[in-house]
Amino acid sequence: MDPNEKETDEAQSLTDIDRLIHEPARLIIMAHLYVVEGADYLFLKNQTGLTWGNISSHISKLEAAGYVAVKKEFIKKKPHTMLSLTDKGRTAFREYREKMKRVLDELNGKGEKS
Amino acid sequence: MTREIDLKKLERKVFTSHYEDGLWDLFFGFLFLGGVFIPMVSWLPMVLFSIIPQLVTGVIGCAILIAGKKYITTPRLGLFKYSQRQEARKKKIMLVLTIFSIIGAVLLILGLIFSITFPTVPQPELPVFLRTYNKYLTALGVGLLGFSLPLGVVSYFLKFDRGYIIALLGGMIFFLTEIFYIFVGTPLDTILTYGIIGGIILSMGLFYFLRFLRKHPLPKEEMVSGSE
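One line per chain: the protein sequences are Y and H, in this order. Numbering follows our numbering, in which position 71 of the first sequence is assigned residue number 244; successive positions increment by one, without gaps. Numbering follows our numbering, in which position 28 of the second sequence is assigned residue number 331; successive positions increment by one, without gaps.
If you're looking for bench data, these hints aren't it; they were derived computationally from the structure. Hints are not guaranteed to be accurate.
Incomplete in silico selection of chain Y near chain H, CB under 7 Å [to be verified]:
(1) V208
(2) G211
(3) A212
(4) D213
(5) F216
Taking CB as the label site, the calculated pair distances span [said to hold, decoys possible]:
(6) Y:V243 / H:R392: 25 to 31 Å
(7) H:K393 / Y:I248: 17 to 23 Å
(8) H:Y459 / Y:K274: 26 to 32 Å
(9) Y:S229 / H:M397: 33 to 39 Å
(10) Y:R267 / H:D464: 26 to 32 Å
(11) H:V409 / Y:S229: 51 to 57 Å
Cβ coordinates follow ideal geometry from the N, Cα and C atoms, glycine included.
Could you put together the complete structure from these sequences and hints?
Spelled out as C-alpha cells, the structure:
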C-alpha cells in the first residue's frame, strides 16, 4: 500500500471518531452509564465530579442524539430521574472505544517506527 | 492524550463507592462488641450464652446498616441499578456467602465445644509442642478457618477491601481470649478481647462514616430530581 494512502486512511479514521462521545465530560458520563443499568443525576455528579449544570447540558445533548434515555418517575411521591444508555448509545460507545483503540494502536506503532 | 478508559477499574470504583460510608464496619463493630456481654449471660447453656449478646448487638448493627443506607448514604451518593450480569453475579455471591456462613457457624460451634472439652481429653500421642499449645492453635485455627477465611473470600468477591482487616481481626478473637486469660483470667479475657476488637472496628467505621458525611453533604431536592 502506498504510504500516502495509508496516512490518508489513518487521518480518515481519526475524523470518523464520534465527536459527541469524544468530548471529555460526555465520555466520562457515557463510561459511567455503560457500567451500570441506570443511574440518577446525583450518582453521576458524585462519580464524575462535574457540576449540575454541566451534567444537565451534556445529558440533553446525549438524549437528543438518542444515546441516553431519561426516565422521570416518582419514588415515594418525590420526583426522581433515572438515566440509562439506550441500545444505540451502548453500541455507539462500544464502537467509539474500538475505533479509539485502533487509532491509538496505529499511532503507537508509528511512534515506535520513527 | 489517551482516551482509553479502563472499564473494569471504573466498575470497581462505582461499586466500592458504597463502602465509603463505613456502615458495614459499624455493623461488624456492633456485632463483636456484643461479645463483651457474654460473661453476663454465662448462666445460660453453653451454646446459647455465646450467641445471644452478639445476636442482639448484631441486630442493632444491622438496623443501623439498613437505615443508614436508606436515609444517609443513598440520598448523598445517588442511585444506580446493577446490570443483569451484575445481578446474576450478586446472587452467586449471596449463595457463596450463605454457604460459608453456615460452614463458619458450624465450625465456630464445634470449636467452642472442642475448646471447652479439650482439657479433659488426654492426647498422649501428640508431640509435646502440640500438647502444650494445642489450645492456642485450635483457637487460632477455628477463628481463621471459621471466620477469617469466609469473610475474606466474600470481601474479595464484593470488592470490600476493609473486609480483609475485619476478617483478620475477627479471626483472632478466640486466640486473643486464650492469651488474655493467662494475664487477667476470666471473665476479663472475654471482655477485653471483644471490647478491643469491636472497638477497633467500630472506630474504623465511625471514622469513615464521619468522613463520608463531610465529603457528601445532602444535595438540594430539585437537583436530585434533575429539574434544576
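Hint check:
no.	hint	verdict
1	V208	holds, 4 Å
2	G211	holds, 4 Å
3	A212	holds, 4 Å
4	D213	holds, 5 Å
5	F216	holds, 3 Å
6	Y:V243 / H:R392: 25 to 31 Å	holds, 27 Å
7	H:K393 / Y:I248: 17 to 23 Å	holds, 21 Å
8	H:Y459 / Y:K274: 26 to 32 Å	holds, 29 Å
9	Y:S229 / H:M397: 33 to 39 Å	holds, 36 Å
10	Y:R267 / H:D464: 26 to 32 Å	holds, 30 Å
11	H:V409 / Y:S229: 51 to 57 Å	holds, 54 Å
Figure legend: structure checked against the earlier numbered hints; every hint is met.
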